[in-house]
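Residue-level listing of the chains:
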Amino acid sequence: MITQSIRFVERVSKMSTCAVAINDLVKAYSTGLKAIDGVTLTVNEGEIFGLIGPNGAGKTTTLRILGTLLKPTSGTVSILGHDVVEGQMAVRGLISYLPEDAGAYENLSGREYLAFMAGFYEGDAKKTVDIGVRIADLKERIDSRIKEYSKGMKRRLLIARALMTAPKLAILDEPTAGLDVMHALYVRERVKGLIKERGTTAVLSSHNLLEVEFMCDRVALIDHGRIHETGTPSELKEKYGAKNLEEVFMEVVKHAA
Amino acid sequence: MPHELRNIVVKELREIVRDPRLLIGMIIVPVLMMPLMGVGIRSAMEATEQQLSKMETGLLNQDEVGSHDYSDTLYRLMVQNNLVVRNSTAPDTNSAVSWALQNNLGTLVVLPPLFSENISSGKSVNVSVYQMLSHFGFDEIAGSGRMDSVFTLFNNRVLHDRLGNDYNSSNPYLPPVPANVQSQSVVKGEVLNVSPSNLINTVFTTGLLIPIAISIVIILAAQLAATSVAMEKEQKTLEVLLTLPIKRINILLGKLSGVIVVSALATIAMLLSFGYYMSSFTFAGGAQVDLAAVGLTPDMTGYALLAASLFLSIISALALAVLLAAYTKDVRSAQSLLGVLFLPIFIPAFLLMYAPIEILPAGLQAVLYAIPFSYPSIASKALYTKDYAVVALGVVYQLIFTAVVLIIAARFFASEKIMTAKLRWGRKRKAETEME
Ligand SMILES: Nc1ncnc2c1ncn2[C@@H]1O[C@H](COP(=O)(O)OP(=O)(O)OP(=O)(O)O)[C@@H](O)[C@H]1O
Ligand SMILES: [Mg+2]
Numbered sequence: 001m002i003t004q005s006i007r008f009v010e011r012v013s014k015m016s017t018c019a020v021a022i023n024d025l026v027k028a029y030s031t032g033l034k035a036i037d038g039v040t041l042t043v044n045e046g047e048i049f050g051l052i053g054p055n056g057a058g059k060t061t062t063l064r065i066l067g068t069l070l071k072p073t074s075g076t077v078s079i080l081g082h083d084v085v086e087g088q089m090a091v092r093g094l095i096s097y098l099p100e101d102a103g104a105y106e107n108l109s110g111r112e113y114l115a116f117m118a119g120f121y122e123g124d125a126k127k128t129v130d131i132g133v134r135i136a137d138l139k140e141r142i143d144s145r146i147k148e149y150s151k152g153m154k155r156r157l158l159i160a161r162a163l164m165t166a167p168k169l170a171i172l173d174e175p176t177a178g179l180d181v182m183h184a185l186y187v188r189e190r191v192k193g194l195i196k197e198r199g200t201t202a203v204l205s206s207h208n209l210l211e212v213e214f215m216c217d218r219v220a221l222i223d224h225g226r227i228h229e230t231g232t233p234s235e236l237k238e239k240y241g242a243k244n245l246e247e248v249f250m251e252v253v254k255h256a257a
Numbered sequence: 001m002p003h004e005l006r007n008i009v010v011k012e013l014r015e016i017v018r019d020p021r022l023l024i025g026m027i028i029v030p031v032l033m034m035p036l037m038g039v040g041i042r043s044a045m046e047a048t049e050q051q052l053s054k055m056e057t058g059l060l061n062q063d064e065v066g067s068h069d070y071s072d073t074l075y076r077l078m079v080q081n082n083l084v085v086r087n088s089t090a091p092d093t094n095s096a097v098s099w100a101l102q103n104n105l106g107t108l109v110v111l112p113p114l115f116s117e118n119i120s121s122g123k124s125v126n127v128s129v130y131q132m133l134s135h136f137g138f139d140e141i142a143g144s145g146r147m148d149s150v151f152t153l154f155n156n157r158v159l160h161d162r163l164g165n166d167y168n169s170s171n172p173y174l175p176p177v178p179a180n181v182q183s184q185s186v187v188k189g190e191v192l193n194v195s196p197s198n199l200i201n202t203v204f205t206t207g208l209l210i211p212i213a214i215s216i217v218i219i220l221a222a223q224l225a226a227t228s229v230a231m232e233k234e235q236k237t238l239e240v241l242l243t244l245p246i247k248r249i250n251i252l253l254g255k256l257s258g259v260i261v262v263s264a265l266a267t268i269a270m271l272l273s274f275g276y277y278m279s280s281f282t283f284a285g286g287a288q289v290d291l292a293a294v295g296l297t298p299d300m301t302g303y304a305l306l307a308a309s310l311f312l313s314i315i316s317a318l319a320l321a322v323l324l325a326a327y328t329k330d331v332r333s334a335q336s337l338l339g340v341l342f343l344p345i346f347i348p349a350f351l352l353m354y355a356p357i358e359i360l361p362a363g364l365q366a367v368l369y370a371i372p373f374s375y376p377s378i379a380s381k382a383l384y385t386k387d388y389a390v391v392a393l394g395v396v397y398q399l400i401f402t403a404v405v406l407i408i409a410a411r412f413f414a415s416e417k418i419m420t421a422k423l424r425w426g427r428k429r430k431a432e433t434e435m436e
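Protein sequences appear in the order of chains P and Z. Taking the numbering used here, the leading residue of the first sequence gets 1, the next gets one more, and so forth. Taking the numbering used here, the leading residue of the second sequence gets 1, the next gets one more, and so forth.
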């Protein structure tokens, strides 16, 4: 009871500064398909926010709009006070986006790739690369060609790239997909540690609800382009009388269908 | 067919037929290529024939003293062979050449004084035949060839008359040919002492490789650009770049500059090997003509225009390739879609090898002038004909074309279309499900 009220106070105080404000967002693709159909959400500064939902629910589409890759069909999205359409350049300066299932330039070494990416940001590029190398934690393999990396090694490099520049908002689409248990654990702790340590914000999507429960302060459950539930993992579990988020997920999706 | 094999074959066919890009690249383009080339080449041939039938022959007949039986025979043979002959009243050969040029005649034959007398007395008489060359085309070779065959007929006739039934053209002890043709070429009003067919052959063999080599460089460059963009899309590295706080036009220009540097190296390598190829002709004896000796070496203006049109062709092909690739989702579809670009690159190069653009029908000319990739071929011909005005205009046109394509590509990169690549989505999902 006491911990809950402390959390509540924390949340209210954070709400004053909201990192992401999505208001009645609709996104229809040129095929006519409404991938997002009236989403309203806020993510508070300092929060790690998880988007969960079945395949094709609209998670990636939402994250791409946050990442200024796609434009809303209607509705508004602002990131730290900047509109993603009007202020897209400002937004790009604040965020860092990790696509799902992405690759890197195969003929560069891991370190060269990080250096290439660091070159787009102000500040000491060498320092940034050093941070990236530490986050990736690839040991001496950081200097081999990326084409010789395994899927998980690539993923760690890309996560390092996304976090090394200390973005105000990290947008991570399935960050740990393809990682083995140990590395997934490592990445989770690392991401959580960095975001909390810096007081920055992250929005991520994941199919691993264990991970979401561990990392995220709050979660939204999305299906068919609509938000069906939002709340802290414990709130949701409590509401559905569930042991874990997976049961919540099953319950919500069943009702949504 | 075993069940599993059939299953896989059906799936493969289904994937190919349903992928618009594969269909375009592998079936539609090749299906269009040959008929288009056929139509083009046929009209090039027809144009050549038409040009030839219009080509008139001038005759300066100085065979005035004494008998003129043989000049009459020659005249009759020319008319019988469908040549339109016009008689010159010029006082000498030089003014006859000017007269022929002024009247747009293709060929000029000069019969020397005492032609008939000397032939009657069994001598061999030199007859000068001048072929006017303006564009080094097949019609001009044919024009001079036509005169050669008239003289062959004439010589056979004379020898037959002289020797009666003893005449046998395979007899090794034949008397010297009665009329000995001295072929001369007239280029830009100047008489060159080389046979037109040798001269055209030399220009053709040296010039032949240029448009083909150019097309190859352009296509390799386009392929490089398309692959590199499609790779970024396939690997989603582009997705990361697009979220960085950088101007998107710089992503496009950076990409283009990278490929331009590589293409520039490829062009230099090609020009070097081409230079070597050209220089090997100066040693060749026989039918090859030393172009330098007859004042036909390309000059700096010609080379500069060729380089400019080649460079702009490469840039516009690169910009087009980047745009095409941006519409696709992966390397395979980008490359097959790129096949569309091969048509306007290869067809002009082939056509312009067969016939100079100015003798083609107006419609085809318009199409060729509209294709920016025609200009390197036109420029390589202009190395010899020195008709620089068209090439210069072409370079200006290429600049405008390239600018327009670049602006479209920049707009495309700045919009979300670069992400949604509408040609692919539905199919890919299907293909993926079939794989599972
Ligand atoms: N470029 C596109 N064009 C047309 N439809 C698209 C496009 N991208 C996504 N969609 C559709 O939009 C819907 C949402 O897709 P999205 O990729 O956002 O789902 P997701 O929640 O990320 O799914 P997953 O868990 O499989 O990654 C799907 O129905 C998808 O088919
Ligand atoms: Mg997704």
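In short, the hints are calculated from the structure, not lab data. We treat Cβ as the ideally placed atom computed from N, Cα and C, and that holds for glycine. Errors might be hidden in some of the hints.
To be verified - Covered stretches of chain P, going by a simulated chain Z footprint (3 or more residues, C-beta under 8 Å):
1. 60-72
2. 222-234
As the list claims (entries may be wrong) - Capping the alpha-carbon separation at 20 Å, the derived lysine to aspartate or glutamate pairs in EDC-like fashion look like this:
3. 247(Z) x 106(P)
4. 236(Z) x 106(P)
5. 247(Z) x 83(P)
Claimed, not checked - Label-pair ranges, simulated between beta-carbon atoms:
6. 28(Z) x 17(P): 50 to 58 Å
7. 198(P) x 262(Z): 40 to 48 Å
8. 370(Z) x 17(P): 28 to 36 Å
Each hint, compared with the structure:
1. As drawn, the region 60-72 of chain P meets chain Z at 6 residues by the rule of a beta-carbon pair under 8 Å; at three or more, the given contact holds.
2. With a threshold of 8 Å between beta carbons, the proposed coverage of the region 222-234 of chain P by chain Z is violated, since 0 of its residues qualify and at least three are required.
3. With a C-alpha separation of about 24 Å, the suggested pair residue 247(Z) and residue 106(P) falls outside the 20 Å cut-off, and the hint is violated.
4. Distance check on the hinted pair: residue 236(Z) and residue 106(P) sit about 12 Å apart at the alpha-carbon level, within 20 Å; holds.
5. A distance of roughly 18 Å separates the Cα atoms of residue 247(Z) and residue 83(P); the hinted pair therefore holds under the 20 Å criterion.
6. Take residue 28(Z) and residue 17(P): their Cβ atoms lie about 57 Å apart, and the range 50 to 58 Å holds.
7. For residue 198(P) and residue 262(Z), the Cβ-Cβ distance of about 41 Å falls inside the hinted range of 40 to 48 Å, so the restraint holds.
8. Checked against the hint of 28 to 36 Å, the pair residue 370(Z) and residue 17(P) fails, with Cβ atoms roughly 59 Å apart.
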